[in-house]
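Make the full structure from the sequences, and use the hints.
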Amino acid sequence: DWARAQGGLAGMIARADANAQVLHDFVATRDWIDNLAQDPATRSNTSVCLKFTDPRITDGAAFAKAVAKRLEDAGAAYDIGAYRDAPPGLRIWCGSTVETDDIAALVPWLDWAFEAEINAI
1 DWARAQGGLA GMIARADANA QVLHDFVATR DWIDNLAQDP ATRSNTSVCL KFTDPRITDG
61 AAFAKAVAKR LEDAGAAYDI GAYRDAPPGL RIWCGSTVET DDIAALVPWL DWAFEAEINA
121 I
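Here the working numbering is used: position 67 in the sequence shown is 67, and no number is missing along the way.
None of these hints come from the bench; they were simulated from the model. Keep in mind that the hints are not guaranteed to be accurate.
[As the list claims (entries may be wrong)] Derived lysine to aspartate or glutamate pairs resembling EDC-like cross-links, with alpha carbons at most 16 Å apart:
#	residue 1	residue 2
1	K65	D79
2	K65	E115
3	K69	D39
4	K51	D102
5	K69	E115
6	K51	D34
7	K51	D73
8	K69	D79
9	K51	D25
10	K65	D85
11	K51	E115
12	K51	D39
13	K51	D85
Encoded structure:
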């Protein structure tokens with residue numbers, strides 16, 4: 001019933017697209033993070049995977065893990081680390097059950113966690 005009230009399949013896709021777009025817009029304005037999938041046609045709109053690109057990062061796996069831990073410790077994000085066998089980075093669920101405002105609220109936390117960890121290097 002909830003999904004139907006949101007416009008059915010088309011509504012669910014639109015919600016996920018809007019959520020992912022928040023992160024794509026965020027990435028487009030930062031020089032330290034990028035989409036893991038470089039080709040927009042291969043990017044997921046539900047499980048958005050990001051990678052750190054700052055040249056000061058020498059151990060990508062440790063850095064990504066520290067950022068994810070900092071976000072979790074702050075209560076800002078949970079289970080945000082990349083999959084174990086994936087390249088180091090962040091994995092953010094943007095599926096249709098997530099509110100776009102919640103993804104937008106995460107963005108300043110991403111900036112905060114990155115700055116805190118890069119300054120700790």
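query: For which of the previously enumerated hints does the structure constitute a violation, in increasing order of number?
result: 3, 4, 7
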